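The listed protein sequences derive, respectively, from chains D and U.
Using the working numbering, you'd call the opening residue of the first sequence number 1 and step up by one each time.
Using the working numbering, you'd call the opening residue of the second sequence number 1 and step up by one each time.
Hint data in this document are derived by calculation from the structure and do not stem from the laboratory.
Remember, it's a predicted structure, so these values are computed and weren't measured experimentally.
A couple of the hints might just be wrong.
Distance condition first, Cα-Cα at most 16 Å in a straight line; then the derived EDC-like pairs of lysine to aspartate or glutamate [unchecked claim]:
| # | chain 1 | residue 1 | chain 2 | residue 2 |
| --- | --- | --- | --- | --- |
| 1 | D | LYS141 | U | ASP115 |
| 2 | D | LYS140 | U | ASP118 |
| 3 | D | LYS209 | D | GLU233 |
| 4 | D | LYS193 | D | GLU233 |
| 5 | D | LYS60 | U | GLU11 |
| 6 | U | LYS35 | U | GLU59 |
| 7 | D | LYS209 | U | GLU102 |
| 8 | D | LYS141 | U | ASP118 |
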Amino acid sequence: MRIEYNFAFFDEGSKREIRRATLKAVAIPGYQVPFASREMPIARGWGTGGLQLTLSLVGKEDILKVIDQGSDESVNAVNIKKLITKTTGIKVTDETSEATIIQSRHRIPEIPLQAGQILVLQVPLPEPLRYYEPSELETKKLHAEQEYSGAWLMLFEQIMNYGTMSTGADHPAMVHDRYVMAPSPIPRFDNPKLNHSQALILLGAGREKKVYAVPPYTRVESLAFEDFSFEVEGFKNKYCGLCGAKEVFLDEMLDDLTGETFYQCNDTSYCLQRLNQKSAG
Amino acid sequence: MKLDLVHDLQEAYRKTLDSMSRPGLISNIRDQASKVAMEINDFIPPAALVMVLMLFDTEVKFKVCSKREAEIAELINQLTYAKATEIESADFILVLKDADPEEFEQVINSACPGDLHDPHKAATIIVEADSVSNDRDLTLIGPGIEIESYISVKTNYSWVDLRAEKNSEYPLGIDLIFTDRDTNILCLPRTTQIVQEVAG
Numbered sequence: 001m002r003i004e005y006n007f008a009f010f011d012e013g014s015k016r017e018i019r020r021a022t023l024k025a026v027a028i029p030g031y032q033v034p035f036a037s038r039e040m041p042i043a044r045g046w047g048t049g050g051l052q053l054t055l056s057l058v059g060k061e062d063i064l065k066v067i068d069q070g071s072d073e074s075v076n077a078v079n080i081k082k083l084i085t086k087t088t089g090i091k092v093t094d095e096t097s098e099a100t101i102i103q104s105r106h107r108i109p110e111i112p113l114q115a116g117q118i119l120v121l122q123v124p125l126p127e128p129l130r131y132y133e134p135s136e137l138e139t140k141k142l143h144a145e146q147e148y149s150g151a152w153l154m155l156f157e158q159i160m161n162y163g164t165m166s167t168g169a170d171h172p173a174m175v176h177d178r179y180v181m182a183p184s185p186i187p188r189f190d191n192p193k194l195n196h197s198q199a200l201i202l203l204g205a206g207r208e209k210k211v212y213a214v215p216p217y218t219r220v221e222s223l224a225f226e227d228f229s230f231e232v233e234g235f236k237n238k239y240c241g242l243c244g245a246k247e248v249f250l251d252e253m254l255d256d257l258t259g260e261t262f263y264q265c266n267d268t269s270y271c272l273q274r275l276n277q278k279s280a281g
Numbered sequence: 001m002k003l004d005l006v007h008d009l010q011e012a013y014r015k016t017l018d019s020m021s022r023p024g025l026i027s028n029i030r031d032q033a034s035k036v037a038m039e040i041n042d043f044i045p046p047a048a049l050v051m052v053l054m055l056f057d058t059e060v061k062f063k064v065c066s067k068r069e070a071e072i073a074e075l076i077n078q079l080t081y082a083k084a085t086e087i088e089s090a091d092f093i094l095v096l097k098d099a100d101p102e103e104f105e106q107v108i109n110s111a112c113p114g115d116l117h118d119p120h121k122a123a124t125i126i127v128e129a130d131s132v133s134n135d136r137d138l139t140l141i142g143p144g145i146e147i148e149s150y151i152s153v154k155t156n157y158s159w160v161d162l163r164a165e166k167n168s169e170y171p172l173g174i175d176l177i178f179t180d181r182d183t184n185i186l187c188l189p190r191t192t193q194i195v196q197e198v199a200g
């Protein structure tokens, strides 16, 4: 049996509910707005929050890009793209600058986002305070009271234990001087891109049933101490083995045969675009 | 042509979202509003009606401020299944042009601003203005605005000070959506601050 799905998979009631939550999320930057989080044909924890946001946004004229850890072609990205295109018939692209909606897991693309684009981030753990406070009721209170000492203490303990802030990804950030937000597991390298972004950034957590937002031109400051500043991952003297790019987020690769370490752009479409430009020029 | 409840409302939503995330940006929903040419236009202006159809359903409680409140509330209930309620408990409040200035003041003062645990439960107020434009009447700053943006909102009632007072304890506050007869939409989320008012 072939089911004729509604445009963008959802029924209109589900979209309306997400849309109402999204508008409130934009009005309160960084605050996690609860939403119903429908059952999706992919498992919770695999990007259902981002997917639901994308489906509530998407229209016939949109051009979609989906990335997973910087790659347009990994299983998660491909499956999400398939679901969206099969239920909407819209165009997909790999090129960041061409897309109107970019759904992403764990990265913000290297090419700066522009006004008119919407970045949708998939979030596994939207609660930055969950690490030390398991109760949702309690974390809601902590947010209400702007009581973030736990988040600071977590960073302080990391510095004490390891001599550095060891947040590999998902380094908490203060939004509009009010809410501490989990920026989704993007590397620290991408945190500064959230600050004064030209594009609207929406974050969706399907399993945890939360949406939140960073409107354009909003102050997003990664948590750090006066005497211990926030630092992004450094790739000093390292470059992409394929396209030669520097000052981008690199993946470390190991050559099994020679045992040598080499690096490659994490953002595959950025790398490919550079390679194409090189071969064209 | 009839309003397409899937695609037209999607387009209207994206425009509203754009305006909500960039306060001062005026979007126009003429294409969508022109399609709601039903007899109910006499009651609810088309731009506001598109907002109602876009956001209201059985989960929503609303309040209408107008001389013809009863008729309009009944109509909205029939169209969307949303429930009419009092100002204090409404998720959305629709203030039409023929509402009394005192009533508007009461709306702003009594509308739910959310609470610290649930600031998202605050009311959204949809106001029918005479006109909205980017004339340099009010200066806006805040999230979504690069440096400053300028707006002019013509209404029968003054709202700037009332809103400022209501929204003085961020994250509590109300979010405003202005519509006008040219089907423009202008959004003022609670984060937007009106820093200066130029007289005249």
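Here is what the structure says about each hint:
no., hint, result
1, D:LYS141 x U:ASP115, "holds (11 Å)"
2, D:LYS140 x U:ASP118, "holds (8 Å)"
3, D:LYS209 x D:GLU233, "violated (30 Å)"
4, D:LYS193 x D:GLU233, "holds (14 Å)"
5, D:LYS60 x U:GLU11, "holds (9 Å)"
6, U:LYS35 x U:GLU59, "violated (25 Å)"
7, D:LYS209 x U:GLU102, "violated (40 Å)"
8, D:LYS141 x U:ASP118, "holds (10 Å)"
Hint violations for this structure: numbers 3, 6, 7, all remaining hints satisfied.
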